[in-house]
Every structure is written in C-alpha cells, then in structure tokens.
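Starting from the structure of chain A, add chains B and C where the hints point.
Protein chains in written order, with the numbering used here: chain A, 1 to 381; chain B, 1 to 258; chain C, 1 to 262.
Please note that a few of the clues may not be correct.
Below are the BS3-like pairs computed for lysine-lysine, each with C-alpha atoms no more than 25 Å apart in a straight line [said to hold, decoys possible]:
#1 A:Lys342 <-> C:Lys43
#2 C:Lys209 <-> A:Lys377
#3 B:Lys180 <-> C:Lys43
#4 A:Lys58 <-> A:Lys135
#5 B:Lys114 <-> B:Lys225
#6 A:Lys58 <-> B:Lys180
#7 A:Lys377 <-> C:Lys95
#8 C:Lys159 <-> B:Lys70
#9 A:Lys58 <-> B:Lys225
#10 C:Lys184 <-> B:Lys40
#11 B:Lys152 <-> A:Lys58
#12 C:Lys185 <-> B:Lys36
Derived contacts from chain C toward chain B, CB cut-off under 8 Å, selection only [said to hold, decoys possible]:
#13 Ser10
#14 Ile31
#15 Val168
#16 Ala180
#17 Lys184
Footprint (simulated), chain C over chain B, 3 or more residues, beta carbon under 8 Å [said to hold, decoys possible]:
#18 141-154
#19 167-179
Calculated directly from the structure, the hints in this document are not laboratory data. Ideal Cβ positions, reconstructed from N, Cα and C, are used throughout, including at glycine.
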Amino acid sequence: MDIRDKIITTASTLENEYVKTFRSKGGKVFAGVCTFTPAEVIHAAGALPLRIRGTGSKATDKAEVYYSPTHCSFARHTLNQGLSGHFSFCDGIIFVSSCDHARRLYDNWGYTDSPPSVRYMMTVPHVGNEQAVIKYAEDLRRLAAFVGEQTGKTVTADSLHSSIKAYNEQRRLIGKLYEMRKRPHPAVKGTTMLYLWQTLTAIPVEEGNAILKELIETVDQNPDPMPEGAVRLFLASTHLEDPERMAAVESGRALIVNDTSCFGNGHFSAEVSEEGDPFLALAQRTLLRPSCPNIVDGFRKRLDNVEALAKEWNCDGIVFDHLQFCTIGDAEAYIYRQEFTKKNIPYISLQHELYGGGAGQVKTRMEAFTEQIANIKRNNA
Amino acid sequence: MRSIGIDIGSRYVKAVAVSNGGDKGFGCVPIRGDMKASVKKAICEAAAAVPSSLFEKTKYRMTGTGHAGKTLYPFSSPSQCLARSAFEFAPNGGIIIDAGAMVIEGIILSHKGKIIDTGKNERCSAGGGRFIEIMAKALGVEFSQIDSLFEKSSNPYAITSGCIVFAESEIVTQVNAGKKLEDIVAGMITLIAGKAATVCDILTEKEERPVFLSGGLSKFKTLQKEFERLSGVKCGKLSVDPIFTSAYGAALIARDGK
Amino acid sequence: MIYLGCDVGSLTAKAALYDSEKNQLIDTMLIPVLATARASSDKVITALLEKNSLTASRITGTCSTGYGRFECSLPSSEKSEISCHGLGAFWSNPKVRTIIDIGGQDSKAMAVDEIGMVVNFVMNDKCAAGTGRVLEVLAAAIDCSLPEMANAALKGKGKVSISNRCSVFMEQDVLLLQRAGHSKKEISFAINEAVADRVKGLAKVVGIKREVAISGGVSKNPAIVRGLERKLGCSFVKLNHDPQLMGAIGAALFAARTAEGK
Chain A
1 MDIRDKIITT
11 ASTLENEYVK
21 TFRSKGGKVF
31 AGVCTFTPAE
41 VIHAAGALPL
51 RIRGTGSKAT
61 DKAEVYYSPT
71 HCSFARHTLN
81 QGLSGHFSFC
91 DGIIFVSSCD
101 HARRLYDNWG
111 YTDSPPSVRY
121 MMTVPHVGNE
131 QAVIKYAEDL
141 RRLAAFVGEQ
151 TGKTVTADSL
161 HSSIKAYNEQ
171 RRLIGKLYEM
181 RKRPHPAVKG
191 TTMLYLWQTL
201 TAIPVEEGNA
211 ILKELIETVD
221 QNPDPMPEGA
231 VRLFLASTHL
241 EDPERMAAVE
251 SGRALIVNDT
261 SCFGNGHFSA
271 EVSEEGDPFL
281 ALAQRTLLRP
291 SCPNIVDGFR
301 KRLDNVEALA
311 KEWNCDGIVF
321 DHLQFCTIGD
331 AEAYIYRQEF
341 TKKNIPYISL
351 QHELYGGGAG
361 QVKTRMEAFT
371 EQIANIKRNN
381 A
Chain B
1 MRSIGIDIGS
11 RYVKAVAVSN
21 GGDKGFGCVP
31 IRGDMKASVK
41 KAICEAAAAV
51 PSSLFEKTKY
61 RMTGTGHAGK
71 TLYPFSSPSQ
81 CLARSAFEFA
91 PNGGIIIDAG
101 AMVIEGIILS
111 HKGKIIDTGK
121 NERCSAGGGR
131 FIEIMAKALG
141 VEFSQIDSLF
151 EKSSNPYAIT
161 SGCIVFAESE
171 IVTQVNAGKK
181 LEDIVAGMIT
191 LIAGKAATVC
201 DILTEKEERP
211 VFLSGGLSKF
221 KTLQKEFERL
231 SGVKCGKLSV
241 DPIFTSAYGA
251 ALIARDGK
Chain C
1 MIYLGCDVGS
11 LTAKAALYDS
21 EKNQLIDTML
31 IPVLATARAS
41 SDKVITALLE
51 KNSLTASRIT
61 GTCSTGYGRF
71 ECSLPSSEKS
81 EISCHGLGAF
91 WSNPKVRTII
101 DIGGQDSKAM
111 AVDEIGMVVN
121 FVMNDKCAAG
131 TGRVLEVLAA
141 AIDCSLPEMA
151 NAALKGKGKV
161 SISNRCSVFM
171 EQDVLLLQRA
181 GHSKKEISFA
191 INEAVADRVK
201 GLAKVVGIKR
211 EVAISGGVSK
221 NPAIVRGLER
231 KLGCSFVKLN
241 HDPQLMGAIG
251 AALFAARTAE
261 GK
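Chain A with its partners taken away, still in its complex shape (with noise of 0.2 Å):
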C-alpha cells in the first residue's frame, strides 16, 4: 500500500487504528479543538492529542437546538458529533475561548452533558504581545496540571521539554516536506496535505514522524500527479477540513503549494526553542509566529507573512476560503482583497460550509481565477 493510501485511511476516521491500540494499552485521549491547545502538554502528561474535527459528519440538525444554522459550521458539525456520541471513546477534551461561536461549545457541551465527561476550558490570548506571553504560559502551566491529573503523570519541565523535541522534529519533517513543495513540480498537492495532517493531528507523535519519513522518500522519487500547466496557488485559510473541498479547490490547472490554514502550516509552522521554561517557550512559539485571524494585533504581521511565502513558494496568487458566517474570516477577507490588489497579487476569496455543497461553484471559480492569472502572467510579459 502506498503510504499516501495509508494517509488517507487514517484520516477518514477520528477512532483510527492507532488510537484504539493506544487505548488498548491503557492510554487516555485528550480531545482539543484548536491549535491554541499544544500537543505538547498533553503529550507530556501521557495522553495522546487528537484535534477535534467534523469527521463523518453528515447533519447539523441536532447541534441546531443549541446553534442557530447561521452559526459556523465548524461548531455546528463538532456538536452536532459531540451529542450523537462520536467522541465518547475520548477521554477528555479541551474547549478554547478563540471565537465567540468555539467558546458556545463549551456551553453547550456542558448543557448537553456530552461525552466525554472531562472538559476543560482553556482562555487564550487575542493579541501577540509579551504580557500576553507571559499570561498564556500561566494557562499552559494550569492545563498542564489539569492533564497530568487526569492522566496520573505529573508534567515537568524535563517530560515538556522531551515533548517539545518530537513535536520539533514533525515540524522540521514537515518543513522538508514544503522544501519540496517548491521544486517546479511539487512532491505533494494540496489535497494529500489535508489528508496528511489530520492524520498525523489524530495519532501519536512518534508514529507519525514515521509516516512522515516515508511519505518524503515515497514523493521525493514519485511525486503526486500535478495538472498540465498547472498554476501555484497560495491558501491562506482558517478552518478547512474536508478533503474533497479542498480537491475542489484544486481542481483544473490549481495547484496549492503552501498555506497558512489552521488544519495546515497555520498549526504546523515554527519550530518551540528546546532551551529555557518550557511553557513560556511553547507560548512565545504560538503567539509570537504569524497567528490566526483570532489574534487581533496580528494582521499586519500575517499579511506579511503570506506575501512572503507566497513570494518563497513562487505562487502565482493567493486563496481565501473561509467558513461561511466566521465573522473574522469575513473581516479577513475584505482586507486581504484591499490589501492584494493594491499589491498586484492575484486573490480570490471564497467560502465553505464545514461539509458538502457548491463544488460546482468553486469549480468554476477556481477555472476562472488560474484563467485570470494566465492572462496577467501574458500581459506581464
């Protein structure tokens, strides 16, 4: 079996294999719904991290006496699989205070009284400064706690810091594997980067530097098929996660070669500094890179942040694609464009529901915006 198969396998359940043989030898699963809650600490008290998604999700109608169909998506599908049970086999899980409609699932998690019956709500920060370094690595320190009583394993400075190293090292894997991505034909698309990161969001650190050391062998001599005349596309994004968007996406001649999604290189990027206190290290690593739109402060810095990349990859221009009523996404959005175009730098903007719908659509969009692009790159000439 190609490992890109074996990618996709694991990815297509959240109870993966990996994760019922953790448990079969008395681990415990710590759920976590952003990228503001570091594997790292959970790693250190003995859990095994698994970033919530929509998984198999088919319905909102449950999480829709809680939820208005107006609010997002993402929120809508994770309760919605929270009521039914989905993530019962989890023993724990941990709720942030990122966004308005991410804070409501604690609440309603609570209400509902859904399993798992351990939960957790961590406050993160929502500007990038020293002060508020300084408070995050206090709430790392309380969640550390938190975790390490549940588990039984007292987190120290020593067991973080070994997290840190293997969490270090995915990164830098990763890392060779976006160099990779910037040869002319680029060893891995958009679509098995979806597929890459949840899983390796979803099963152990160690298991998944292995999947990763073969996956770079496996692209490095056999490469994914790339479209004729294919056109690299930037994804600047926040929550996207459903695979066959994301094939939507890349549909016709697109091609994406780098991204800052939260479910991407937005969760990924930036090695932690082995050196020094461990959770002030993990909190100046989360809130110092360039964030998500949910850092307040932070916009100049990851405008910044894509043109540069972009620029590195050789991107021909940049996508948008935001859940639909995210407010932040929204504001995200209407700036990039201003911005982009006073730039030159071709930029569409698209939205999703967390699953299904309009592939049509963003299809015929996606055509469109690499045909723009051609006609830019002539006239340029």
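Then chains B and C, alone, in the frame of chain A:
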C-alpha cells in the same frame, strides 16, 4: 349557531365552519388576484356543509399572515388559533408543530389551553412547504407521488444548500449526474422533517408533552414518519385535516369568544 | 475555418458558429435545457448545425463553457464562463472593459484587458436574490411575464420597497404588497430595485472601468438596466450581438484562438 374561521395564508385561504352541534365544513381556495373574492369562495365552500337558519347570525374570526393588513373580520393571531385548535385534541396540553408554507412553528400548550412557549425554525425559507413546491416542480414530480418515491429510496441524498434557489440547482445537478429521483425526494423530505424535529427538540427540552404535527406538510405520511424517527416522539392524531388547524381554531374562538 | 462554442447553463443552452477567416458570427441558437447537460448540448449543437447545413466534420474546433461544460456532446476544450463572457462581450464591442453578467442562477462582474482577456472578476455565490431566477419567481407571483414586469417597472416611482433579500421571502412580501392594493408598476419597480442593488455591489468590488456592458439573459430587462446605470452612475454601451449569447460566442472565439495559436 354557526361560526366560521378563516385562515389567510401566503397562497391559500382556508375556511372552517362549525355548528354548536359539532358539524364541520371546510373550504380551501387558492388566492388569485382578488383576495376578497377568494375569501368569499372559501367561506361559501365551508358554509355549505353547515347550513344556518335565517334568524341566526354567523360569527366570524380571521387569522393568518397573508391578509396584508386587511382585517375583513375580527382577528386572532395564528399562534392563538393554533393553540385553540390544539386544545381540542390535546385537552391535557401538548406541543403542536405546525409545518406550513413558509416556516415551521411550534407551541407548547398547558392543560388549561394557555401558550407556555413557542419555537420556530430560523427565518430561512428552506424549511417550509414552498421549498417542497419549488423542488417538486424542478424535479417534475407531483405532490401525490412524493410519499411513494420516498418509500422507494434506498440512499437519500443530503441536500447541502440552505438557500432554496441554490438547492434547486444543486438537485438539478444531481439529477444530471445520475442521482435517482427517489433519493433526492427522500433527501428533501428528510431535510424538512429534520428542521421540524429540531423545533420539537427545542420545545421538548423545556417541557415533556404529547406532540402533534399539523400544517400542509404533515399531510405527507413519509414526512411525519421521518419526523417521528428523527425526534424520537410518536405524533398524536389531529381531529381535523392538518391544513385546517388554524382556521378550525379561529372558528372555535369565534364560537366561544375565546 | 468554422469554430463552435457551446454554453450549457442552468436554464438555457446556447451554441455559436464562428468563421475565423471572416471574423464573423455565422449563426447562434438558444434552447431551454433538457434533463441532462449532455442532452442539452447535443440538442442545441445538432439544431444549429442542421440549420446551417453543416456536419460536425466541418467544425475545426469546439470549446464549451457553463456548468455543463464537461458534458459537451462533441469533443471540446473547456473554458470558464467568466472568460468566455468576457471575450464574447469584448469581441461584440471592443470598447468594453467591464462586463456585468446577470444569469439565471448567478451574477458576475468582469474586468477585461485590451484583447478581451479577464484580469479580474467577482461572482455572486452568497445569495440568489441578485439573479434572473428571482425575477422569474417574482414575476409569477404578480401574474406577469418578465417583459410585462419590466415594462411596468419602468413606470414605477419607487413608492414601495422590498427589504427582505431571500427570494422566497421576497415573494411573500410581493404577495402582501399586492393584497395591500399597491399597483403592479410600483411592485415591479421595487423588485427590480432590489435585484439591481445586489448586482451593484458586485460591480463596485471589481471596479468600474469604461466602457461598461451588461450581458446575460437579465440584460434584456430594461428596468434592471436603467436601475443599474443609475446606481453605478454610468451608461452601458451596446453589445452588437444578443447579450444572452456572450458565453457561447466567447467559447467559439476561444476554440479559434486555441486552434490558431493566437
């Protein structure tokens, strides 16, 4: 003594005539152009089954959302009429979910016939009878075929578009892609039943009471069955055709003064 | 050389025959869509060829566009409807630099360069209220044909407005206005204003560069055209061919460009 309730909806006028002796008459007329003429016709149809003597004055009561401010008769709100009607078949109180042309609305009725609380599906129109009308037309399917098509389906298609217009093009795309008609019809019915079930869940969260499904959409047997499956409740029986529940309530209010 | 363009949309299928030596349109055809895109493209192409006593073997190249572009009954290249509408409108009037297209189920605005190639575009995918479909639904609600509603709207003074943007709730508002005794011309005016408002927003995002043209089926609605011109503060230039056929014409032109290496 004869009382007549008139429910002016967005597209139809429904009228119910009741006598003190319990006779009932019904009239349902589409509104075309002159609303007053349609109202008159519906009243005549209903009154024909409940004759009254020359010396008795008929009492009237009006309700509905399609009257455009023209209160031809004394008016009671649709919720009040629905509640009054429900009280007839749920004298110990209940939850009535009315699935009409535009919205799905639910009310919780106490054992004294008072409205305790209400719930509605969101203001999006992809949750009412109009949605079914438009979809059925796009598929070339008659209302009378919907139940039998649903029963034939083995793989209901989950419609993802919330907007009626985009849902219409979504199902046309699916038909073009070879999806079976019965699967799309089943998906359509499941979508509406799901929205009704959500309203039911919202209300049963607050009070556990017997549930009744009314309104034009509830005439689809498969929709009622899907609703029961998704909400986990068994629906009680109404004592009138579900499209007349509001008009019946209006007639009872006209008769009893409350 | 003869080239064929085919545009299969959600409501209509169009085809165009183009003579590249004379740089002229030979003929066009428009039909309502059939059950499948393939059947629609087959019917419109066959009808157009037969009408002009041509067989498929005489066609040097074919390009298809629209939602049904992958289902063309003849072997063809594909091009987005955005690019085809852009080129078609430009060819029809080379002064055009901005095109507003209002179709059956979507609306879009495009900016083209000096050779008719799209360099910017935006599409309405959030709301069907700015499309031809909503005009159809609302015309039926007031028992009018589309031309009757457009003519009535031209006489309206803006005494009433429709605020609700969902097409089905707009329909309800229209029924209520009718029952409240408002005239057909005022209701028609309100309907057209609501649709024109939606489309104006799109055009502003892409930016207005003269000359501006309007294409798609709804461009035949004089009330929408007048409303949009007023809202955008500019007059639209005429296209020299049927604005509903811009996609098919553009597709035929792309077929020629691809084959002749232009």
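Exercise. Would you mind confirming whether the straight-line C-alpha gap from C:Lys209 to A:Lys377 stays at or under 25 Å?
Key: Within the cut-off at roughly 20 Å; holds.
Practice problem: For the pair supplied as a hint, B:Lys180 and C:Lys43, confirm whether the alpha-carbon distance does not exceed 25 Å. | Solution: 23 Å, holds
Quiz item: Is the Cα-Cα distance between A:Lys377 and C:Lys95 25 Å or less?
Solution: Satisfied, since the Cα-Cα distance of roughly 22 Å is no more than 25 Å.
Quiz item: Does the CB of C:Ala180 sit less than 8 Å away from some CB of chain B?
Solution: This interface hint holds because 4 Å falls under the 8 Å limit.
Quiz item: Is B:Lys152 close enough to A:Lys58, meaning Cα to Cα at most 25 Å?
Solution: 21 Å, holds
Quiz item: Does C:Val168 pass the interface hint, meaning its C-beta sits closer than 8 Å to a C-beta of chain B?
Solution: 4 Å, holds
Quiz prompt | Interface hint status, C:Ser10 versus chain B (Cβ within 8 Å) | solution = C:Ser10 check passes; min Cβ-Cβ to chain B is 5 Å, inside 8 Å.
Quiz item: Taking 8 Å as the limit, does the beta-carbon of C:Lys184 come near enough to a beta-carbon in chain B?
Solution: With a minimum Cβ separation of about 11 Å from chain B (threshold 8 Å), the hint on C:Lys184 is violated.
Quiz item: Given the hinted pair A:Lys342 and C:Lys43, is their alpha-carbon gap at most 25 Å?
Solution: Judged against 25 Å, a Cα distance of about 46 Å means the pair is violated.
Quiz prompt | Assertion that chain C covers the segment 141-154 of chain B - criterion: three or more residues, beta-carbon distance below 8 Å | solution = violated (count 0)
Self-check item: Pairwise hint evaluation, B:Lys70 against C:Lys159, where the allowed Cα distance is 25 Å at most
Solution: Holds, at roughly 19 Å.
Quiz item: Straight-line Cα separation of C:Lys185 and B:Lys36 no greater than 25 Å?
Solution: Holds, at roughly 21 Å.
When each numbered hint is compared with the structure, violations occur for hints 1, 4, 5, 14, 17 and 18.
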